[in-house]
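Asks: Chains as they are written, first to last, in this note's numbering: chain Z, 175 to 534; chain Y, 175 to 534; chain G, 175 to 534; chain U, 175 to 534.
Please keep in mind that the hints were generated in silico from the structure rather than gathered at the bench. One or more hints might be untrue.
As the list claims (entries may be wrong) - Each computed DSS-like pair below joins lysine-lysine, with the alpha-carbon atoms no more than 30 angstroms apart:
id	chain 1	residue 1	chain 2	residue 2
1	G	447	U	499
2	G	223	G	240
3	Z	530	Y	274
4	U	240	Z	223
5	G	447	G	274
6	U	249	Z	240
7	U	340	U	365
8	Y	340	Y	223
9	Y	249	G	499
10	U	530	Y	530
11	U	240	Z	274
12	G	447	U	447
13	Y	274	G	485
14	G	274	U	447
15	G	365	G	376
16	G	447	Z	249
17	Y	274	G	447
Number of protein chains: 4
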Amino acid sequence: MAGNSFGEIFRFTTWGESHGPSIGCVVDGTPPLIDITEEEIQVYLDARKPGQNRFTTQRQEADLVKIVSGVFEGKTTGTPIGLLIENTDQRSKDYGDIAKKFRPGHADYTYWEKYGIRDYRGGGRSSARETAMRVAAGAIARKVLDTQIEGGVQIRGALVQMGPHKIDRTRWDWGEVNNNPFWCPDPIAAKEWETYLDSARKAGSSLGAVIEVVASNVPVGLGDPVYDKLDADLAKAMMSINAVKGVEIGDGFGTAAYSGEENADEIRMVDGKPHFTSNHAGGILGGISSGQDIVVRFAIKPTSSILQTRKTVTTDGEEAEIFTKGRHDPCVGIRGVPVGEAMMALTLADHWLRHKAQNR
Amino acid sequence: MAGNSFGEIFRFTTWGESHGPSIGCVVDGTPPLIDITEEEIQVYLDARKPGQNRFTTQRQEADLVKIVSGVFEGKTTGTPIGLLIENTDQRSKDYGDIAKKFRPGHADYTYWEKYGIRDYRGGGRSSARETAMRVAAGAIARKVLDTQIEGGVQIRGALVQMGPHKIDRTRWDWGEVNNNPFWCPDPIAAKEWETYLDSARKAGSSLGAVIEVVASNVPVGLGDPVYDKLDADLAKAMMSINAVKGVEIGDGFGTAAYSGEENADEIRMVDGKPHFTSNHAGGILGGISSGQDIVVRFAIKPTSSILQTRKTVTTDGEEAEIFTKGRHDPCVGIRGVPVGEAMMALTLADHWLRHKAQNR
Amino acid sequence: MAGNSFGEIFRFTTWGESHGPSIGCVVDGTPPLIDITEEEIQVYLDARKPGQNRFTTQRQEADLVKIVSGVFEGKTTGTPIGLLIENTDQRSKDYGDIAKKFRPGHADYTYWEKYGIRDYRGGGRSSARETAMRVAAGAIARKVLDTQIEGGVQIRGALVQMGPHKIDRTRWDWGEVNNNPFWCPDPIAAKEWETYLDSARKAGSSLGAVIEVVASNVPVGLGDPVYDKLDADLAKAMMSINAVKGVEIGDGFGTAAYSGEENADEIRMVDGKPHFTSNHAGGILGGISSGQDIVVRFAIKPTSSILQTRKTVTTDGEEAEIFTKGRHDPCVGIRGVPVGEAMMALTLADHWLRHKAQNR
Amino acid sequence: MAGNSFGEIFRFTTWGESHGPSIGCVVDGTPPLIDITEEEIQVYLDARKPGQNRFTTQRQEADLVKIVSGVFEGKTTGTPIGLLIENTDQRSKDYGDIAKKFRPGHADYTYWEKYGIRDYRGGGRSSARETAMRVAAGAIARKVLDTQIEGGVQIRGALVQMGPHKIDRTRWDWGEVNNNPFWCPDPIAAKEWETYLDSARKAGSSLGAVIEVVASNVPVGLGDPVYDKLDADLAKAMMSINAVKGVEIGDGFGTAAYSGEENADEIRMVDGKPHFTSNHAGGILGGISSGQDIVVRFAIKPTSSILQTRKTVTTDGEEAEIFTKGRHDPCVGIRGVPVGEAMMALTLADHWLRHKAQNR
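Whenever a hint applies, use it, and build me the whole structure from the sequences.
Replies: Next up, the structure:
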């Protein structure tokens with residue numbers, strides 16, 4: 175309950191700071207007899223890894239994951255899965271400046287006030303480094319879904335807005351997502367973003383973004399009204415990611431401007447089964463998955479560490495200015511895509527197991 | 175864990191359907207020796223009560239709350255508080271039509287598929303009637319906050335958008351909120367909305383809305399990173415309310431379009447204490463309250479029950495048309511304001527107790 | 175988490191005090207489509223009901239249970255089941271004496287110190303009256319087990335020791351349990367206990383007891399090592415019953431005196447399936463059910479309210495003597511039998527649902 | 175919820191198997207600013223460590239604990255504390271025999287049936303090796319109690335029965351506990367046990383034991399009725415330890431034979447404060463600590479791995495005989511003493527934080 179676990183039946187707990195010796199997690203509740211290898215987890219970690227191009231932080235982390243328990247002879251045993259990643263890039267540097275000054279937009283001030291102590295080396299626990307373990311745990315969640323649900327569950331993410339620039343949704347092509355460094359499904363937007371982000375980076379500034387994650391082939395029936403609705407848990411999952419400031423399901427805030435007849439998705443019979451003729455609801459009705467694609471979007475604020483001087487105060491109550499040198503992502507939202515996918519997988523895996531429990 | 179409880183230490187569990195004999199809840203974890211009366215709870219229920227003007231459903235419910243345990247001689251005893259409301263308006267009517275047909279936009283289809291059975295009398299458990307118990311529990315949460323936090327915590331809500339029409343935030347006046355039936359803080363917008371909603375109502379249509387809830391005087395330090403961040407739990411709280419499709423904190427989705435220097439709130443010393451010069455963050459940094467106003471907004475889709483014919487299917491797999499007569503809210507978002515306030519109070523009260531637990 | 179809930183997936187929460195208007199509970203997580211009626215629950219409440227003979231308290235309670243939600247047209251709907259019992263025997267009396275004095279052996283002192291307030295009317299929340307709701311919830315748990323497990327699960331309890339007098343286990347006959355007011359499976363012991371308890375009652379004294387609860391036809395595989403082992407959760411379940419001071423599984427404390435070869439149950443093949451040749455383990459190995467009978471015993475201390483003068487102190491810190499008049503059970507253990515059975519059913523139902531969740 | 179976590183606010187989760195590369199745990203919920211070093215934790219691990227004399231298994235484990243997160247510059251930061259121990263003695267051996275045969279009295283059969291897979295190398299997850307992490311986490315729990323409670327909480331354990339031989343309680347001397355290899359507080363019994371255990375060991379047999387753990391200076395008020403009573407959680411804590419078959423509080427099963435006047439502890443005023451004149455209740459009334467010593471006893475069955483041939487069956491359903499060579503504890507109860515102390519500390523620390531949360 176102290177805040178570092180997520181999920182009820184499929185439950186993972188993370189530990190570790192950005193500049194400690196290692197980070198890790200325990201994934202409890204994985205059903206037994208699922209094939210899983212370090213290589214399968216590594217694929218997702220590699221997608222999130224920093225330092226892959228000029229648009230992400232130049233911190234170099236191998237992010238090599240080790241499975242240290244819960245898997246025997248290549249299969250899960252039903253016991254807790256321990257995962258470990260050594261931190262290799264703990265560059266020794268002078269933290270003197272940020273040790274004393276609260277970086278605006280960061281968690282420095284609130285951690286200091288809440289705990290009275292703060293690991294000031296690069297964010298400590300509040301660093302986005304923690305999200306590596308979400309991605310690793312998410313890889314196991316995907317295996318659970320793919321093994322237990324016929325046809326598997328496909329989970330894909332994309333960047334749909336960078337700064338004020340949105341994609342043109344008519345050009346959406348999932349195949350393009352891996353053709354550019356931004357997870358952008360619109361190839362023309364991707365080109366424009368490149369120029370745009372380069373200029374922000376050179377100006378020492380940073381940009382926000384909006385990410386969309388879509389899960390396909392999710393069975394009808396996941397979600398536990400009225401407080402653990404699937405959308406409620408997805409909202410929590412996404413909002414728990416660093417720098418996220420908003421979450422919406424389906425047409426989200428757009429529905430506020432709809433009329434009742436525009437909004438509600440009608441139903442017809444197709445191939446002998448109920449079929450919705452639209453998906454404004456984003457695949458969730460009354461907090462329960464409807465069998466349509468689950469569609470979640472979330473907004474990530476611009477990186478707070480920028481190469482510009484900002485006004486702040488110190489732990490001693492002195493006014494000060496701060497200039498955060500370092501290796502920062504000009505648009506941290508980019509690396510949020512695999513994290514959003516992981517949180518989708520983790521939420522669905524938990525609700526899948528919950529659903530099985532209460533099956534007739 | 176089965177979905178009908180919210181909170182960890184200050185935890186409430188609701189039960190009851192829209193057309194059962196009564197609805198109720200248990201509030202567990204309330205500290206002892208807090209003065210509380212049925213009248214104090216009733217105030218908030220009266221604010222949410224249907225049938226008060228032509229803009230809300232004409233269902234007539236007295237919504238009289240009874241405290242049946244946990245309070246002795248006017249004070250909480252630390253034992254579970256039981257609350258009960260009799261359902262008085264269980265109008266006997268022919269449910270034949272909606273008993274068989276899935277109402278588009280409603281939870282009928284997903285409940286049917288998940289559970290294989292559905293209380294078809296007006297929504298059953300998925301009805302917004304359940305939110306009455308959130309408001310009642312929320313009244314107790316407010317007492318906890320006001321009793322234990324010096325100066326109390328002020329929680330206020332407002333409707334900031336009806337259909338596509340937003341308020342003019344420069345005209346925001348909290349004093350206006352109770353001067354119109356919409357909880358609208360902008361008196362000019364309120365006038366316009368009246369005409370607008372009347373025409374939607376007469377057309378048998380419905381409208382969406384956006385609600386903003388603000389909590390003032392919240393202490394620094396509430397929230398448990400990295401999964402039970404205050405904003406993550408608020409997102410879950412608001413998304414769990416019927417018909418909500420999006421949640422944002424502070425400037426929310428707007429931050430995606432900001433640059434880093436526009437977004438991060440700078441800090442100065444004022445009266446010897448750190449003071450943020452802006453509040454784009456909505457009072458939460460790194461998942462922990464910063465002492466500024468907590469600002470949450472959420473979007474409510476238009477009421478799905480409208481006086482227009484819609485395409486659907488039946489439980490027997492037949493295509494059909496449905497026309498939902500009845501006493502519906504043309505803009506259900508209006509009555510969502512006290513519910514949003516209650517969820518804010520409930521989330522804060524839980525995190526306040528969690529914070530106390532881990533105090534040095 | 176505040177203490178008034180039990181179970182994780184099949185989870186119930188109770189509320190109410192001995193002298194409030196009513197007591198109740200919410201049972202959350204019941205699978206849908208299970209037939210259940212008030213009459214089926216009432217059977218178990220009647221077995222626990224006080225005032226049935228001279229060996230139990232003469233408080234007269236009809237203990238009539240009402241289902242107020244979660245059941246529609248005779249079947250569970252998967253939504254929370256609300257249960258209510260009105261308190262009919264709230265005899266108005268002068269509580270002056272016990273309002274101020276802490277009754278030795280009772281929870282008066284600790285509630286007072288913990289909460290700073292106490293509902294002094296007959297124990298309030300700490301009264302055994304609360305166990306009526308355990309029995310009611312237990313009836314639903316039995317239905318879950320009997321509906322979902324082939325052949326059903328049989329749960330039976332017996333009193334195996336009254337005061338220092340144990341039954342002769344060679345005379346054990348489950349058929350005798352309902353032939354005497356003590357749930358005693360040994361007819362000769364039952365006769366002797368009658369005389370013995372009568373004399374204790376007349377002397378204004380009280381007696382302790384040991385109860386044994388046995389569950390048959392429990393599937394292999396229930397229990398979640400290493401902290402939510404089935405025996406660990408049963409120990410918690412039984413120890414949570416009022417006045418219980420010890421719990422053991424299988425041969426329990428007796429195993430301490432065994433040698434390794436005496437203790438471990440050997441295995442043979444019988445009818446093509448593994449079969450244990452003895453059951454010292456009480457049906458649980460490594461915290462997981464083995465398919466054998468689950469055997470749990472627990473000790474109940476003598477009723478603390480006796481017709482003898484006892485030394486105590488007052489809420490004002492004065493030394494005093496106390497003589498607790500009233501309608502007390504001379505051996506409260508007797509009425510503990512149906513409560514123990516209920517806690518067994520509730521624990522097994524929860525672990526059954528947990529087991530289903532993690533099935534391959 | 176999947177079974178590998180304990181506690182609600184002060185919550186730890188363990189992972190790792192007896193023959194994997196390492197074992198570890200995450201302790202979440204530790205208040206910040208508590209001084210803690212690896213050396214302080216190591217003291218308790220050394221007390222539990224195997225291979226220290228001829229009465230414990232000859233497996234050689236250094237059991238060196240590393241703190242990998244949550245502590246910065248020697249102080250807890252309020253973030254999750256990661257602890258790691260490398261397994262150094264993973265002797266390569268032929269597990270062929272026990273890989274196929276279920277060892278009587280072990281969890282082999284139930285794990286196999288539950289999970290369909292089993293790490294057969296020495297017990298895997300069901301091995302007592304897991305308890306090393308309980309002891310490590312327990313060291314942190316002790317620091318929480320000692321830092322936050324005035325005067326600290328003293329937690330001590332002793333072996334009070336080996337096989338059928340009980341200590342003479344009139345000779346109880348805490349000072350003797352470290353003077354013999356058995357944690358025996360009675361020096362004369364300790365001598366006798368030495369001979370007795372030697373002969374059991376030479377015969378290839380094993381012995382059960384009873385352990386008593388006492389916590390002194392525990393504040394009044396810990397425990398959350400009615401399901402999370404302090405005694406209920408202690409019962410769960412102790413029963414979750416490998417091989418434990420019974421738990422009692424205070425006079426435990428003995429109270430069944432008492433009369434009401436013998437059992438209830440009377441109260442007098444001493445130094446202006448209420449003082450119980452006896453402690454049959456073991457320091458808990460109504461599930462809440464009374465300020466007296468908390469006294470818990472638990473029975474540990476004899477080690478199931480013995481050097482004698484036993485009847486069993488194989489995973490293929492063949493009858494077989496098994497003879498478990500290896501390095502086993504002739505009386506595994508001995509090493510259970512520090513584990514019982516740790517579980518006491520962990521339960522009290524969690525309830526201490528819970529109590530703080532609900533303080534007025």
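Asks: So which of those numbered hints doesn't the model satisfy?
Replies: 5, 12, 13 and 17
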